[in-house]
Amino acid sequence: MEYIPQIIFALLLIAGVGYFTSNIRKMIRNIKLGREVDRSDNKKERWAQMARIALGQSKMVRRPIAGFLHVVVYVGFVIINIEVLEIIIDGLFGTHRIFAPYLGGVYDFLIGTFEILALLVLVTVVVFWIRRNAMNIKRFTMGELKGWPKNDANYILYFEVVLMSLFLIMNATDFILQTRGVEGYAHAGEIFGSFPVSQFVAVFFENMADTTLIVIERAAWWIHIVGILIFLNYLYWSKHLHIMLAFPNVYFAKLTPKGKFTNMEAVTAEVKLMMDPDADPFAAPDPAAMDEDPASLGASDIFDLDQVQLLNAYTCTECGRCTSECPANITGKKLSPRAIMMKTRDRLEEVGSVINKEGEWKDDGKKLLNDHITTEELWACTTCNACVEACPIGIDPLSIIMDMRRYLVLENSAAPTDLNNALTNIENNGAPWPYNQMDRLNWADEL
Amino acid sequence: MSELIKVPTAAEFIAQGKTPEVLFWVGCSGSFDDRSKKITKAFVKLLNKAGVEFAVLGAEESCTGDPAKRAGNEFLFQMQAMMNIEVLNGYEIKKIVTACPHCFNTLKNEYPELGGNYEVIHHTSFLKDLIANGKLTISGGKFKGKKITYHDPCYLGRANEIYEAPRELIEKLDAALVEMKRSKRNGLCCGAGGAQMFKEPEPGNKDINIERTDEALDTGADIIAAACPFCNTMMSDGIKAAEKEGNVEVLDIAEMIASAEDL
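Residue numbers (the working numbering), protein chains in the order written: chain A, 1 to 447; chain B, 1 to 263.
Since the hints were made in silico from the structure, they are not lab data.
You may find that some hints are simply not true.
Straight-line Cα separation of at most 35 Å, DSBU-like style, residue types lysine-lysine; simulated pairs [claimed, not checked]: (1) K59(A) with K147(B); (2) K206(B) with K343(A); (3) K6(B) with K343(A); (4) K254(A) with K94(B); (5) K343(A) with K95(B); (6) K260(A) with K38(B).
Pairwise CB distance ranges (calculated) [stated by the list, open to error]: (7) D38(A) with E92(B): 27 to 37 Å; (8) E21(B) with N42(A): 44 to 54 Å; (9) L55(A) with E21(B): 40 to 50 Å; (10) E265(A) with T19(B): 48 to 58 Å.
Note that the structure is a prediction, hence the values are computed from the model and not measured.
Yeah, the Cβ is synthetic: ideal placement off N, Cα and C, and Gly gets one too.
Bound conformation, chain A alone (with noise of 0.2 Å):
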C-alpha cells in the first residue's frame, strides 16, 4: 500500500513525457516535410548567437518593458525547473526534500531564490495580463490575435499563476509541518530549505491541524506536478512553444548580412544554359535529372518552403513586435509578418493532422497560398527586413514572402500589372522604366 503513491507518480510522469515526446516527433516530422536546407556551417558563430539572443534575450530587453518583464518569468521559469527536478526524485522514491542532506546551506538559498523568483514571477504574469487586456496594446488586440491566439496567451499567464502559488502553498505547509515535527516532514530538528516568501503565505495555515496540513501539502504537491505535466504537453498546441524552440530556431538563423536573398540554384543552370552560346538546346538532358520530381519554383504550399522556415512557424510566439514595426501593417495594409507566421503554422499542423488520420500525405485541395496567405498581403511586403529585425528569436517572415511571390511570378506570371510593366521594361531596355539603354550617360553632358 505505502508504495501506491509513488507507483501513480510514475505512471503519471510516463504518460506526460510520452504524450509530450510523441507529439514533439509529429512536430519534427511535419518540420522535416519542408525542404532540406543547409545550415551547418559556422558553428561558433552561431553557438554564439543562440548565446546571445536566445539564452541572453538581447534582442527581448530592446524594448525595455516587455524585456525586462519577460526576462523575470525566463530566469523565474529556468531556475524554478531545478526544483522540480527534485519533486520529481521525491515523488519516485518517496523521500522528502531528497536534495537538502547534500546541499546543505546551497540548499536553503536555493529555495529561498525559487520562492523570491515565484513571487516575482507572479507579479510580472499580472503585469502582462494588464497589458495584454487592459492597456489596449495594438498588437495584443489586433485582428490575428482574437479567439484562439488570445486565449491561449492567458491560458499560459493562468498556468503560471497556479503553479507558481501552489508551489509557495506547498512551500508554506510544508514549513509549518517541518517545525511542527510531524512525522515524514521531520528531520531531527532541522528545517530544510528557508521561505522568504511562503513563511508570510504560513500565516494562513498556522491555526489549522497537521492532518488538515498534510492534505493541504499533499494536494498542493500533487496538483504542482500534475500541472507541470500539463503544460508541458499543452506546449504543443501552444504558442508557448517557444521556451523550447527558441535556442534551435536562434541557432540556424541566417547569418549572412539581411539584405541578401537566397540565390534559386534551379534557376542558375537554365539561365547558364541559356547564355551558354555552345549549349545545344535539342540535346538529351541528363537521365539523372529526369528521375527526380520537377520541384515547383518557389512556394505555394510548405512543402516548397525550407526546415528552418517551418521551425519558425512553430517557434513563433506571436508577440506581434514584428507586426508592430510593419511599414505595411502600420499604413493599414493587410499584411502582418506575425500573421504570416501564424498561417503557416496553422497550415503546417492542417497538413499534419491528414498525416495522423490517413497514415501519409493525401491532397486536401488546400494550400497555403490563397487558402491561408493571400496575394494582396504578399505584395504589400517592401523587403525592409523590419520585422525579421524585430524579431526577438531570429524569424525571418519575409523569406517566406519572397519565396512565395516567386510562386507567384515564376509558376503563374500573377505579378501585379504595373509591376509586370516595370519588369517587361527592365527586360527590354535594362531598366524598370521605359527609357533606352543607350541613353544611360546622357547625364553626362548636363555637368
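Please build the complex by placing chain B on the supplied structure of chain A, with the hints as guidance.
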C-alpha cells in the same frame, strides 16, 4: 561650371590599356530620373575634385536586377546579373562605388554566387574614406547649424548595417543632426523597396512615404538627408503632399557636400 568634367567609360579606359581605380555604378534612377541625376552629377563632381580615377559603364550598364528579384522574378534577376557580371569581369573591375543602396546590396551580396566578386562600396562610405585620407575636405559653411534629419535606407541600414558613415558626413558639415523617432535599425521604410516603387500600393489607410515624411517633419528639421535615390523620391513626394516644399528640402548627402563646396 568653369571646367568641363569628363566622365570616362570603362571602354575608354581599356582602349588606353588602363583599368580604372573604381567603377561608378550609376543605377537606373541616377541615370534617368531627373531628380536623381542631380545626385549623380554631384557625386561625380566630388570624385573629380578628389582626383579619383573612375569610370562608368555608360550604355553598357543595365539594371542590377534588384527590383526583379524582390518582385519574385528570379529568372529575370539572374539574366540581368549574369549579363552585368560578364561586362564587369570583361573590364576586370575590382572595385565598385554606387550611390544606390539597392544596387549596392545586390552587387555586394547577390552577385558573388553568380560569379561576380567585387569590392562594393556605398558612396557615403566612399566619401567618408576620401575625407579620412585627406583627398576631400569639407567645410560646413552653408549647412552650419542647420537642423538635418537622416533617413536610413533599408538596404543600406538594416540590410547591410551601415548606419554611421552617412551620419559622420552630416556631422562634418557642422550641421545639427536630429534623429527621427524610428532610426538606425528601427528606421521606417520609405515605401519604395521590394519593387513597390514600380507598383501602386496595396489598399490601406495611408501611404508609407507620408507616414515617414510626417515623422521626419516632426523633428523640425530644415533638411531631410537621404542616401538612396528612391528614398529621395518618396520623401520628396511626401514633402509635396504635406505642402512643405518651400520649407523643407530633401537632399542626398553627396549633394549636400558638393553644394557646401560650391561645386
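Fill in: Earlier hints that do not hold, by number
3, 5, 8, 10
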